Structures are given as structure tokens and as C-alpha cells.
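Protein chains: 2
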Amino acid sequence: MPGSIRLFVEFELAEGGVVSLAEPQAHYLVNVMRRGPGDEVRLFNGRDGEWQARISVARRKNVELILEQQTRPQNVEPDFHLCFALLKRARTDLVVEKASELGVSVIQPVITTRTQADHVNLARLRAIAIEAAEQCERLMVPQILMPVSLAELLAHWPAERRLMLADERRNAPVAAPPAGGLLIGPEGGFTDQELDLARLHPFVTACSLGARILRAETAAIAGLALLLASAPS
Amino acid sequence: MPGSIRLFVEFELAEGGVVSLAEPQAHYLVNVMRRGPGDEVRLFNGRDGEWQARISVARRKNVELILEQQTRPQNVEPDFHLCFALLKRARTDLVVEKASELGVSVIQPVITTRTQADHVNLARLRAIAIEAAEQCERLMVPQILMPVSLAELLAHWPAERRLMLADERRNAPVAAPPAGGLLIGPEGGFTDQELDLARLHPFVTACSLGARILRAETAAIAGLALLLASAPS
Numbered sequence: 475m476p477g478s479i480r481l482f483v484e485f486e487l488a489e490g491g492v493v494s495l496a497e498p499q500a501h502y503l504v505n506v507m508r509r510g511p512g513d514e515v516r517l518f519n520g521r522d523g524e525w526q527a528r529i530s531v532a533r534r535k536n537v538e539l540i541l542e543q544q545t546r547p548q549n550v551e552p553d554f555h556l557c558f559a560l561l562k563r564a565r566t567d568l569v570v571e572k573a574s575e576l577g578v579s580v581i582q583p584v585i586t587t588r589t590q591a592d593h594v595n596l597a598r599l600r601a602i603a604i605e606a607a608e609q610c611e612r613l614m615v616p617q618i619l620m621p622v623s624l625a626e627l628l629a630h631w632p633a634e635r636r637l638m639l640a641d642e643r644r645n646a647p648v649a650a651p652p653a654g655g656l657l658i659g660p661e662g663g664f665t666d667q668e669l670d671l672a673r674l675h676p677f678v679t680a681c682s683l684g685a686r687i688l689r690a691e692t693a694a695i696a697g698l699a700l701l702l703a704s705a706p707s
Numbered sequence: 475m476p477g478s479i480r481l482f483v484e485f486e487l488a489e490g491g492v493v494s495l496a497e498p499q500a501h502y503l504v505n506v507m508r509r510g511p512g513d514e515v516r517l518f519n520g521r522d523g524e525w526q527a528r529i530s531v532a533r534r535k536n537v538e539l540i541l542e543q544q545t546r547p548q549n550v551e552p553d554f555h556l557c558f559a560l561l562k563r564a565r566t567d568l569v570v571e572k573a574s575e576l577g578v579s580v581i582q583p584v585i586t587t588r589t590q591a592d593h594v595n596l597a598r599l600r601a602i603a604i605e606a607a608e609q610c611e612r613l614m615v616p617q618i619l620m621p622v623s624l625a626e627l628l629a630h631w632p633a634e635r636r637l638m639l640a641d642e643r644r645n646a647p648v649a650a651p652p653a654g655g656l657l658i659g660p661e662g663g664f665t666d667q668e669l670d671l672a673r674l675h676p677f678v679t680a681c682s683l684g685a686r687i688l689r690a691e692t693a694a695i696a697g698l699a700l701l702l703a704s705a706p707s
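Protein sequence lines, in the order shown, are assigned to chains L and W.
When we follow our numbering, the leftmost residue of the first sequence carries the number 475, and every step to the right adds one.
When we follow our numbering, the leftmost residue of the second sequence carries the number 475, and every step to the right adds one.
Just so you know, these hints were derived from the structure itself, not from any lab.
Bear in mind the structure is a predicted one, so any value in this text is a computation, not a measurement.
Careful, some of the hints might be misleading.
Since the list gives no way to pick one copy over another, a pair counts as held whenever it fits inside one copy or between any two copies.
[What the hints assert, rightly or not] With a straight-line cut-off of 25 Å between C-alpha atoms, the simulated SDA-like cross-links for lysine to any residue are:
| # | residue 1 | residue 2 |
| --- | --- | --- |
| 1 | K535 | V550 |
| 2 | K562 | R533 |
| 3 | K562 | I479 |
| 4 | K562 | A601 |
| 5 | K562 | D513 |
| 6 | K562 | L481 |
| 7 | K562 | I604 |
| 8 | K562 | V506 |
| 9 | K562 | T665 |
| 10 | K562 | R508 |
| 11 | K535 | Q617 |
| 12 | K562 | M620 |
| 13 | K562 | M507 |
| 14 | K562 | S494 |
| 15 | K562 | S478 |
| 16 | K562 | R480 |
| 17 | K562 | R689 |
| 18 | K562 | Y502 |
| 19 | K535 | G491 |
From just these sequences and the hints, can you work out the full model?
Written as C-alpha cells, this is what we have:
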């Protein structure tokens with residue numbers, strides 16, 4: 475049923491179950507999308523696959539739906555982490571939206587020496603990730619983590635997980651799978667000390683994203699395309 | 475001199491030459507960036523490489539610069555065309571900006587059956603492309619063409635130039651070089667008739683951009699990353 479409304483919910487989804495939506499989802503369904511009793515909606519929660527549900531009660535602040543049947547089983551998505559030096563708001567929003575579409579499982583903002591931003595509104599970013607997952611037929615919403623320093627990120631990164639570090643200054647090979655994560659620096663790049671620190675860790679592999687100099691948010695999107703295009707859905 | 479100001483100009487650039495900038499570039503240099511006599515600026519025009527220039531006169535509406543030396547020779551950039559079904563304004567802007575960063579030479583908006591937009595402000599899009607080229611160390615600015623219908627595009631496309639058509643509905647191989655162009659459909663995709671028409675042309679190769687369903691602007695950016703990352707600068 476492509477084209478029908480798809481919503482992410484926190485509830486369990488199982489046959490015959492009833493789901494009750496409050497605002498803002500009720501408002502969206504009833505007032506924005508003009509849906510009413512009898513109309514179909516698809517629901518997913520990241521665990522129970524995708525379900526077809528039918529609206530039984532449609533009020534402005536409360537919509538009830540009856541779960542009819544599973545339309546897709548839950549899949550196992552690639553476990554891929556995007557780590558990026560935090561950007562200003564509009565560009566952070568863009569990175570979160572596009573990373574969610576491209577299929578990352580975890581989004582980790584990082585604070586580096588040259589990072590210009592330090593504030594992150596997790597609720598806002600999560601809403602962006604949910605909307606992207608709803609629109610792009612994903613069955614999971616990426617997890618968005620609180621910012622950490624580059625040193626913390628590297629200290630806690632699992633040794634068996636390859637972290638591709640985008641480094642436009644050296645002649646590294648173009649990013650290619652397999653990798654479990656991508657690390658994108660700030661505008662102006664990592665400092666030499668940061669690059670030296672990263673390279674001390676055997677799980678870090680420097681890579682190029684092509685011959686061009688890219689803005690940070692473009693580097694994140696391009697790198698994810700290179701690393702995730704051949705991943706299963 | 476990364477970090478210094480880089481401007482695209484239409485003038486010829488040669489040693490000892492003098493370049494005179496009017497608004498809005500004069501305003502940008504003097505009022506926004508607070509540059510004055512003696513300060514250095516880098517200039518490029520898409521033909522004569524990149525030049526270091528020094529400001530000799532700095533007025534609000536007129537800045538004069540003396541060309542000192544060529545800092546980079548003109549390169550030959552990949553000849554790659556992005557053809558995309560025209561999107562609404564903000565998303566068209568994003569596609570033009572990111573395509574310019576990623577190195578396309580020609581940007582061709584296309585009108586398809588399901589295209590929702592039909593208006594394009596070429597001057598605005600060209601300004602976006604110029605700014606992206608200035609910021610991303612490119613020596614050329616992509617050419618932006620007037621929209622054409624899909625049928626016109628296909629009828630005039632050079633037979634020897636491979637056109638990768640992003641088609642999320644079939645099991646096509648993931649987009650990979652070599653290709654001379656990428657064709658991205660509208661939200662909702664090409665119609666079956668359009669896909670049939672495209673496939674009549676031997677230069678068209680269907681490709682996938684990965685297992686995910688991507689918004690149109692994300693598909694354009696991801697496809698360019700896949701096709702251009704290994705291209706020379």
C-alpha cells in the first residue's frame with residue numbers, strides 16, 4: 475500500500491490489538507490528513523514489523539485503530555553508526571533526515587576542536603528521524619545519541635567495528651564497505667592532533683569521498699551512500 | 475590558501491590584469507567580509523584556473539583587484555550531467571547545491587508526468603551553484619539548463635553517453651561508474667509508460683541506489699556520490 479499513511483508508534487503491535495493515538499498524531503490524521511473511521515493506516519514500532527490498522531474512533535485529540543494484519547515482517551537492518559561533528563541547526567537537521575533515509579541505525583553527534591555548535595535538541599532530531607523513517611518505508615527509526623567528544627567516541631568504540639574516517643587531505647582510497655561506522659569532521663576538518671589520535675586506533679580506516687572538497691553535511695550524505703548502497707534492507 | 479575568500483568572476487584572468495567588481499561582490503567583500511586594500515582574494519572563471527588577486531581599491535559598490543599569480547591551473551573536470559525531475563523550491567535548491575559540490579558539469583531539470591513543479595528561477599539556481607563552487611574549491615561552475623520534458627531529454631541525449639536511470643522498483647545493480655549522466659524521477663516515481671520509453675534507448679541503464687526508498691533529492695545526492703566519487707578532480 476505505498477502512498478497510504480505510515481506512522482511510527484511505541485505500542486506493541488499484534489493481531490486484534492487496539493492502538494490509541496494522542497496528539498500530535500491524532501491531530502495529523504484527523505485534521506491534516508482528513509482521515510476518519512474505516513480508513514486504513516500502516517503502523518510500525520521497530521520491533522513487530524509493519525501492520526495494517528483501521529481507524530475505529532477519530533477525534534481531534536484521540537484516534538483509535540484496530541490492528542488487522544501484519545503487512546511486513548520485522549527485518550534486520552544493517553547496524554551502522556554515523557558519527558558526525560555537530561553542525562548548526564539546519565545542517566544537523568539535514569544530516570539526521572538523510573542518514574535516516576539512507577539506513578543508519580545510530581546517529582552520534584561528536585564534539586571536535588573545530589566544532590562550532592554544542593547544543594542538540596534530541597526530541598527535535600528524533601522527530602525528524604521518525605518522519606524520515608515513516609516516509610521512506612523503513613521499519614526502524616535510528617537511535618540518536620547525546621553528543622560525545624571525539625576522544626570519548628574513540629575510547630568506547632568496539633574494536634571489531636570498522637570506523638571509516640573521511641579525510642580529504644590525504645590520498646586515501648574511496649570509502650567502500652564493509653564498515654560499521656562513518657566519522658565526518660567539522661567544517662575546517664579535524665586538527666592534525668585529532669587525526670593522529672584517531673589513527674592510533676586500529677579500527678579507524680581513513681577514506682576519501684572523492685576528489686572534491688565537500689561541505690560537512692554533503693560529506694556525511696555522500697559517505698553514507700557509498701557505504702550503505704549495497705547493504706540489505 | 476584554504477580559508478581565504480574565493481570568488482567566481484566572468485572576466486579573463488591573466489598576470490598583471492585588473493579586475494573590477496561591482497555589487498553584490500563588492501558589497502560582500504567590503505561590508506560583509508571587511509576586506510580592504512592590500513587583502514588577498516582568489517578568483518576563478520572556469521577557464522583560466524585560479525588566481526591570487528590583491529585588492530587595490532575597496533569601495534562599497536566597486537572593488538578593484540590586481541591579479542598577481544595563478545595559484546592553480548585550469549583542470550578538466552568530469553563531464554557529467556544530472557537530470558532530475560523538478561522539485562519544489564527548497565529541494566531543488568538543495569539538489570543544485572549538492573550536485574555543484576559533488577562535481578557535475580550540467581544540471582538539467584526535467585518535467586515528467588508526476589512532476590509537481592514547473593517553474594525554475596535560473597538566476598537563483600545559478601547563484602546557488604556559484605556559491606557552492608566558490609566554497610568547495612571547484613574551478614568550474616555547472617551549467618544549469620532550462621527544464622525539458624522527459625521525451626525531449628531522451629530524444630536529444632547523445633547515444634554514446636551512458637545515462638543511469640535510478641529505478642527503485644526493479645532489481646537493478648547498484649549505480650557504478652562509468653556513466654555520463656544520472657536521471658532521477660519525481661516523488662512517486664516515473665510512470666510505467668515513462669520507464670518503457672526510457673528503456674527503448676540503448677544508452678539508458680537502470681540502476682539501484684540501494685535497498686532503501688529515498689526521497690527524490692536524497693536519491694540525486696546519493697546517486698552522484700556513487701557515480702562521481704572515483705572521478706578525477
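Quiz prompt | Status of V506 relative to K562 across identical chains (alpha carbons, at most 25 Å) | solution = Result: close only across copies, 20 Å inter versus 30 Å intra.
Practice problem: Measure nothing new, just compare the shortest in-copy and cross-copy C-alpha distances for K562 and S478 to 25 Å and report within, between, both or neither. | Solution: For K562 and S478, the Cα distance is within 25 Å only across copies (21 Å; inside one copy 34 Å).
Quiz item: At most 25 Å between C-alpha atoms: does K535 with V550 qualify within a copy, between copies, both, or neither?
Solution: neither (34 Å within a copy, 60 Å between copies)
Quiz item: Between K562 and R508, at a C-alpha cutoff of 25 Å, which is it: within one copy, between copies, both, or neither?
Solution: Between. Shortest inter-copy distance 23 Å satisfies the 25 Å Cα cut-off; intra-copy 35 Å does not.
Quiz item: How do K562 and A601 come out at 25 Å by Cα distance, when the copy is not named: within, between, both, or neither?
Solution: Answer is both: 17 Å inside a copy and 22 Å across each meet the 25 Å cutoff.
Quiz item: Is it within, between, both, or neither for K562 and I604, if the alpha carbons may be no more than 25 Å apart?
Solution: Close inside one copy (20 Å) and across copies (22 Å); limit 25 Å.
Practice problem: Up to 25 Å between alpha-carbons, please classify K562 paired with Y502: within, between, both or neither. | Solution: Between copies, since 22 Å is at most 25 Å while 28 Å is not.
Quiz prompt | Same-copy or cross-copy closeness of K535 to G491 [CA-CA at most 25 Å] | solution = Only inside one copy: K535 and G491 sit 20 Å apart there, 69 Å across copies, limit 25 Å.
Practice problem: First find the shortest C-alpha distance between K562 and I479 inside one copy, then the shortest across copies, and answer within, between, both or neither for a cut-off of 25 Å. | Solution: between (31 Å within a copy, 21 Å between copies)
Quiz item: Between the shortest in-copy and the shortest cross-copy C-alpha distance, which are at most 25 Å for K562 and R689: within, between, both, or neither?
Solution: both (12 Å within a copy, 23 Å between copies)
Quiz item: When no copy is specified for K562 and T665, does a C-alpha distance of 25 Å or less occur within a copy, between copies, both, or neither?
Solution: Within one copy only: 19 Å inside a chain, 38 Å across chains, cut-off 25 Å.
Quiz item: Is it within, between, both or neither when you check K562 against D513 at 25 Å Cα-Cα?
Solution: neither (40 Å within a copy, 29 Å between copies)
Violation of the numbered hints given earlier is confined to hints 1, 2, 5, 11, 14; the remaining hints are satisfied by the structure.
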